[in-house]
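**Student:** Here is how the chains run, residue by residue.
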Amino acid sequence: MQISMTVNGEEVTRDIEPRVLLVHFIREVLGLTGTHWGCDTSNCGTCVVLMDGQPVKSCTVLAVMAAGHEIRTVEGLASGGALDPVQQGFIEEHGLQCGFCTPGMMLTARALLDRNPHPDDGEIRQAISGQICRCTGYATIVRSIQWAASHPAAGEPADGQQPAGAAAESTEVTT
Amino acid sequence: MQIPASFDYVRAADVDNAIALLERHGPEARVIAGGHSLLPMMKLRLARPEWVIDINDLTELDFLVREGDVLRIGAMTRHTALLESAEVARLFPIVTDAERVIADPVVRNRGTIGGSLCQADPAEDLSTVCNVLAAQVIIRGAGGERVLSMPEFHQGPYETAVAQTELLCEIRFPVRPRSGSAYEKVERRVGDWAVAAAGAAVSLAENGTISHASVGLTAVGLEGTVSEAADILAGQQPSEELFAEAGRAAAAACDPMADQRGPVDYKRHLADELTRRVLRRACSRAAKTQEG
Numbered sequence: 001m002q003i004s005m006t007v008n009g010e011e012v013t014r015d016i017e018p019r020v021l022l023v024h025f026i027r028e029v030l031g032l033t034g035t036h037w038g039c040d041t042s043n044c045g046t047c048v049v050l051m052d053g054q055p056v057k058s059c060t061v062l063a064v065m066a067a068g069h070e071i072r073t074v075e076g077l078a079s080g081g082a083l084d085p086v087q088q089g090f091i092e093e094h095g096l097q098c099g100f101c102t103p104g105m106m107l108t109a110r111a112l113l114d115r116n117p118h119p120d121d122g123e124i125r126q127a128i129s130g131q132i133c134r135c136t137g138y139a140t141i142v143r144s145i146q147w148a149a150s151h152p153a154a155g156e157p158a159d160g161q162q163p164a165g166a167a168a169e170s171t172e173v174t175t
Numbered sequence: 001m002q003i004p005a006s007f008d009y010v011r012a013a014d015v016d017n018a019i020a021l022l023e024r025h026g027p028e029a030r031v032i033a034g035g036h037s038l039l040p041m042m043k044l045r046l047a048r049p050e051w052v053i054d055i056n057d058l059t060e061l062d063f064l065v066r067e068g069d070v071l072r073i074g075a076m077t078r079h080t081a082l083l084e085s086a087e088v089a090r091l092f093p094i095v096t097d098a099e100r101v102i103a104d105p106v107v108r109n110r111g112t113i114g115g116s117l118c119q120a121d122p123a124e125d126l127s128t129v130c131n132v133l134a135a136q137v138i139i140r141g142a143g144g145e146r147v148l149s150m151p152e153f154h155q156g157p158y159e160t161a162v163a164q165t166e167l168l169c170e171i172r173f174p175v176r177p178r179s180g181s182a183y184e185k186v187e188r189r190v191g192d193w194a195v196a197a198a199g200a201a202v203s204l205a206e207n208g209t210i211s212h213a214s215v216g217l218t219a220v221g222l223e224g225t226v227s228e229a230a231d232i233l234a235g236q237q238p239s240e241e242l243f244a245e246a247g248r249a250a251a252a253a254c255d256p257m258a259d260q261r262g263p264v265d266y267k268r269h270l271a272d273e274l275t276r277r278v279l280r281r282a283c284s285r286a287a288k289t290q291e292g
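Going down the list, the sequences are from chains R and X.
In terms of my numbering, the first sequence is numbered consecutively and its last residue is 175.
In terms of my numbering, the second sequence is numbered consecutively and its last residue is 292.
For the record, the hints were derived by calculation from the structure and aren't laboratory data.
Nothing here was measured: the structure is a model prediction, and the numbers come from that model.
For every residue, glycine included, the Cβ atom is placed at its ideal position computed from N, Cα and C.
Some hints could be false.
Label pairs and their in silico Cβ distance ranges [to be verified]: (1) R:Arg134 with X:Gln155: 21 to 29 Å; (2) R:Asp121 with X:His269: 31 to 39 Å; (3) R:Gln97 with X:Lys288: 19 to 27 Å.
Coverage of chain X stretches by chain R, computed from C-beta distances (three or more under 8 Å per stretch; other residues unrestricted) [as the list claims (entries may be wrong)]: (4) 48-57; (5) 104-114.
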């Protein structure tokens, strides 16, 4: 069937089988191989892309379900030749070793910072908890995201408000 | 590479349309919401629907509304929305506790409460939460609406009362005054299914005694709630001894199976300990709550 969606700001239209998963649509039909394909069971999170600004595991979304929606992949992070602060942060703070988890980590980081420009380490760790770094380099990933938070790109909010759910997510202390 | 078997896909525009599509496409049609239960099963070819009916456009089922003594939750409400709702956290902290340990934040962006309940996995957390809160579920078909209790809805592992041509539309939680609730799960790693979990809801009388209590267990072979624990708690003053007695009753009532997540005695131990913990927390929360 014919589907259309916006990928990194560009409208794309393709004819595909309904059973094609979003990750394969992105990699094989569109040729955007920056999105990685890992466990295939929605555990590892290397296939994370943003769908309408929210991180989703593209191995567990049908491409037809994304029709009419906005998809952003790692190829869509940089704009006008300038790296996204998250990408720069991963360079500055050595946020990648083998690089396999990196695209998904950076997109989740972007979505987090869009909602919550100044996350603490706990909020960052919570946000990336559905993604596995095979090199176990979490400490530098957290530092990379903190770097991005303290170096917002022009036009980004420098001090945003707490997201709506921040209060509900804080750990309650009970006896 | 895991790819589902071939199927035809159609998007429903609204609830009536979804029901009409279910009727038109017959017994091999399946509804897809967040897709985090159905798609993995389709990829493993454990499910091979001929038609997939996408209900993600049914925004009419994405709501959280308080109406008098009831909190109404649309079946398409995402786990993330439940976790982030301040009203849910205030009225039913058991929901917030459970949502925090359901899968991971990315999966929670897609998964829905309706999908979780309809999947009816025996290790699924929200079924226990709904049992403990004495939720009602609203199911719609071409003939109209049915309102069911959780025991009527949840018929066993992977089995619910929703007929092939019906749609789960809404979940209702009754709001009780001076109430508290809690959920706690032991998992092997973050985001995993429960080794065991427990949920509790209590209401306190003016004199501080427990006027109503409900305890439920996840993944240890017990459907519904633990009536033995509720009987022990009713009318009593909250105390460590009382929680321990209820914990022992819960452990005795459950029927866990040994599997890769642990042996039977360990799971029974968890049923006991987790019941004590959630009762302690639910009572403490109830004591701090003045209004419903």
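**Student:** May I ask which of the numbered hints given earlier this structure violates, with the numbers listed in increasing order?
**Tutor:** Result: hints 1 and 3 break, sorted rising.
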